[in-house]
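Novice: Residue numbers (this note's numbering), protein chains in the order written: chain R, 1 to 520; chain Y, 1001 to 1327; chain P, 2001 to 2156.
If you are wondering where the hints come from, they were derived from the structure by calculation, not from laboratory data. The model shown is predicted, which means the values in this text are computed figures rather than measured ones. Note that beta-carbon positions come from the ideal geometry of N, C-alpha and C, so glycine has one too. Some clues are possibly wrong.
Stated by the list, open to error - Listed below are several chain Y residues computed to face chain R (Cβ distance under 10 Å; list not exhaustive):
no., residue
1, S1082
2, Q1107
3, D1190
4, T1200
5, K1224
6, T1225
7, S1296
8, V1297
Unchecked claim - Derived list of chain P stretches under chain R, where covered just means 3 residues or more per stretch with a C-beta under 8 Å from a C-beta of chain R:
no., stretch
9, 2063-2075
10, 2106-2117
What the hints assert, rightly or not - Covered by chain P, per the in silico footprint, the following chain R stretches (three or more residues, Cβ under 8 Å):
no., stretch
11, 10-20
12, 240-250
13, 276-290
14, 310-318
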Amino acid sequence: MMSFETFETAFFMVMAPSVLLAILIGSVYGLFIGALPGLTATMATALLVPITFYMEPLAAIALIVSSTAMAITAGDIPGALIRIPGTPASAAYTEEAYEMTRQGKAGEVLSLGFFFSALGGLIGATVLLVSGPALAQVSLNFSSFEFFWLATLGLMTCALVSSDNPIRGAVSLVIGLLLSTVGLDVTTGQPRFTFDVLELSGGISFIPVMIGMFALSEIIRGFTALERELPPAPKVGDIKPYRGMFALLRRYPMSVVRGTSLGSAVGALPGVGGDLAAWIAYGMSRKFSKTPEKFGTGHPEGLVEATSSNNAGLSSAWIPALVFGIPGDAVTAIAVGVLFMKGVSPGPRLFIENPTMPTAIILTFFVANLLLLPLGWFAIKGARHVLSVPRAVIVPMILLCCFVGSYAVNNTLFDVWTMLVAGVVGYLLERNGFPIAPIILGLVLGPVLERNFIMSMQIARGDLLGFFERPVAGGLGIVVCTILVLAIHRAWTRRGQGPDASDPATVLPDVPNSTKGNLQ
Amino acid sequence: MSLINKFWRHAAAGVAGVAVVLSAGVAMAEWPEKAVTVIVPWAAGGGTDATARAVAEGLQKKFGQPFNVVNRTGGGGLVGHSAIVQGAPDGYTLGVVTIESAMYEAQGLKGVTPADLTFIGRFNADAIAVNIRPDAPYSDLKGLIEAVKADPGGVAASGANRGGLSHLAWVGLLQKAGIDPVAANWVASDGSAPALQQLTSGAIAVVSTSPAEAKALVEANQAKTIAMISSERSPLYPDLPTSDEVLGIKWSPLPFRGLAGPKGLPDDVVQKVSAALKEITEDAEFKKFMTSRGFSVAYQDAPTFAATVKAAHDGLSETMKAVGLAK
Amino acid sequence: MKLSERLIGPGLILFGGGVIIASAGLPQVPGVRFGADLMPSITGGALILFGGLLGWKAWSKPLTEPLVDTSEWEVSLRKRLTAIWTIGALLAATLLFQSVGFPLIGLIFMTVLMVLMGARPLTIAIVAPLFVLALHLSFTRIMHVELPAGPLGAFL
């Protein structure tokens, strides 16, 4: 694929002090941004653009690569510690991670996040290095039909795994999808459900909703009799970063393999990218697990699979951007812009005329992902301090973070209102046994689903069989339909076996939905 | 500086602020004395964003204050354009406007009309191009139009949102070539990138977008640019024929990118920024950057730019009505 | 507040019906077969279906729980006050944010909430101003998020 000289030149380009320094600064900055709720990797990248004006091309890209890799990984920290997911992807397993923290395993869950993110990232970077252009070629053959089925697959697995009662999961999902339809409609350009509120014409942003539904609702619950106590903070020296990670790796090797291959494959598809991979990975992990009943009770297996797919997808999101100049998400879009400004034009010619540049960019992924481990070590050690803050201090702090974080998304108070409403609604939904996670995914993927559905319908001119005509789309469609039929079949047969075991009304009313599995 | 000192300085600034209100315009001579926000209504990484960032960098160098680019996306650009309209007209909220700002009114979308904006200057204008698959049964615009004539609904085209300029450019072209624009199959997408993805995957046949955005795919032989929807050839793409010369029609919708501010922007701010923009567009490095991405540099001063937008607003409304995009 | 499925089911059906009616009222554009109303109509239909399933299950077996259960709010007065202050103060903070500014709002909000939640006075005196200051500076200086400074802005 590439000559050794190319590799060698690229290697020494990356080893230049300025590039290494850029990676270090980017990582520290990413850690900071990712750990602050409400600030996203996209925002972190956008803020870096003015700085990149004054840098060499490779150092500029290294800065962006390392800060996003770190910001996305660090986004798991507030999720695990205070139940505020940093990214839509981490919302897939926030509940599970927080459950582990509540059981006093904060050190383990954070170690797991950093360790398997780094592992996933390294494997993803290898995939990128070996088969980048080939994967890009495959991804170019994905049309709206395939995207539609992929989005459906992600949404369906999410509804099925996030609750013991699939109907309740499905209701949450539908509410999320409905929220996503607010705003100017992409087909006709007309306002839809905006009630003449200008801010609503841009749609409901998912970050305030995510902050409200996860964090604010948890705080509201803390004021009621349903308060969930956090365990006493671990003592100094009790948190041992990365202890037991190799044991986990040996116990769940297939999770890592599945997670990273799924992440690499889905991440390479422009537009869907990393958000979806973690959700499908988490669902898949439960499907293949020997102990699916432990999911949602603070079980590491699904976390291993989802976090490793997360960072693998992060690397391969650069494939379409580098090879064809089609950025898959906002982060790569900004990076492509920076490359152009530096006179490096992404595209197939880049790989032929100047192969050291793309190779060097991919190599920065290795360095950035390796750097996750030492920086993560400090973050994990520091987690003790977050957990040892008394409730009377941390709750006001979280609330202020929620407030400013929501405001920062668009610099509008409207998003703060969204967060407040989402918090109250999220509390009520959870109290009534409806899971939160599918709402977030519905909101994030709703536009993807709708656009690809409408586009496909327009292309097929209303013929639903058109969704099965293309080979890959047909295959995906059959998978989706099979899962759906199996789920309905299982629900039906379970209904036949005596009283409704899955009905939340028959179990303890005061445990959040996801913990019910092992209490029955 | 001590806190007290700082306090007095701010108090003084406050008093000065009141004085400004009382004797409007006097203190504006000092613009800009703090960071300026530049709103971009389109997503980060796209063509508008890239050019806006280059312009903002130039302004930052000229005025010695940060010009922060903020992407306010959504609703086919309406959200960001509205944010520019609603900004305070004090010179600290500026924005990059695109031709869509002249089209919302005709579509029946409220909030943004050219009259709500103060135009400062244009820096870019590139015609829309027609892109097809390299393995299509036709290889030029004539063949494509024949194919559309034979089966208007069968040749699916895309580019961006319904009612946006790329849509209008395509159906306008069809209408001038004697094809009923309502029968044409327009697949609404979120922008040129997803539309090009549909093209390469073989789901649709035509993408109308600026040649710059299709450049990398054309180089990879995944797409083919066959013509510009314009009346004169572009100096950047001299080999591309225009739709006017191929089909013998007259149709040249020209999308633009320019700087604007809210209505009532002080005159001296407009003068200063417009003059700075002129210098930036004449800067060799800026020109090099624009050319490398396939964007042309096309400066217009404030009055000319305002006239251009007005002409687009009036002219496009007519065509939009004719092709069923406006009421 | 926890509602019985006997109420949730019909509630979802009504909501779904409302969504379908609202979607039908969306503007139609000539030449567009699959427009703005398609997706909301589908979600409305799904809400009716799932609401029907939940409601049917609940109504077909005897009622074992109260229709509306608000027992979780039977907590100490102090806790209830804290909850009311939190929600009320968040609403007030949002309303007054632009005019009063983040530093002052944040300071008042944190101090009162920490008092209500029983933090020690010394902790409050140290933590509240420092945290608000750190948050304000990191957002405005590092992240370029323009938080309104308000009257305290002169000192920052």
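Novice: For each hint, tell me whether it holds in the structure or not.
Specialist: Hints, verified against the model:
Given the 10 Å rule on beta carbons, the hint for S1082/Y holds: about 6 Å separates it from the nearest Cβ of chain R. The closest approach between the C-beta of Q1107/Y and any C-beta of chain R is roughly 6 Å, which is under the 10 Å cut-off, so the hint is satisfied. With its C-beta approaching chain R no nearer than about 6 Å, D1190/Y sits inside the 10 Å limit, and its interface hint holds. The criterion of a C-beta within 10 Å of any C-beta in chain R is met by T1200/Y, whose closest approach is roughly 4 Å, and the hint holds.
Interface hint at K1224/Y: violated, since its Cβ lies 14 Å from the closest Cβ of chain R, which is beyond the 10 Å cut-off. Checking T1225/Y against chain R: minimum C-beta separation of about 14 Å lies over 10 Å; hint violated. Among the interface hints, the one on S1296/Y is violated; its C-beta lies about 15 Å from the nearest C-beta in chain R, farther than the 10 Å criterion. The interface hint given for V1297/Y is violated, since its Cβ lies 15 Å from the closest Cβ of chain R, which is over the 10 Å cut-off.
Restraint check on the stretch 2063-2075 of chain P versus chain R: 8 residues with Cβ-Cβ distances below 8 Å, three needed, restraint holds. For the stretch 2106-2117 of chain P, the stated coverage by chain R is satisfied: 6 residues place a CB nearer than 8 Å to a CB of that chain, which reaches the threshold of 3. Beta-carbon proximity to chain P at under 8 Å applies to 0 residues in the stretch 10-20 of chain R; the threshold of 3 is not reached and the given coverage is violated. Using a Cβ-Cβ cut-off of 8 Å, 0 residues of the stretch 240-250 of chain R lie near chain P, which falls short of the minimum of three, so the contact claim is violated.
Check on the stretch 276-290 of chain R: 0 of its residues sit with their Cβ under 8 Å from a Cβ of chain P, so the three-residue criterion for coverage is violated. With 0 residues having a Cβ less than 8 Å from any Cβ of chain P, the stretch 310-318 of chain R misses the three-residue criterion, and the hint is violated.
In summary, the structure is inconsistent with hints 5, 6, 7, 8, 11, 12, 13 and 14 from the numbered list given earlier, while agreeing with the others.
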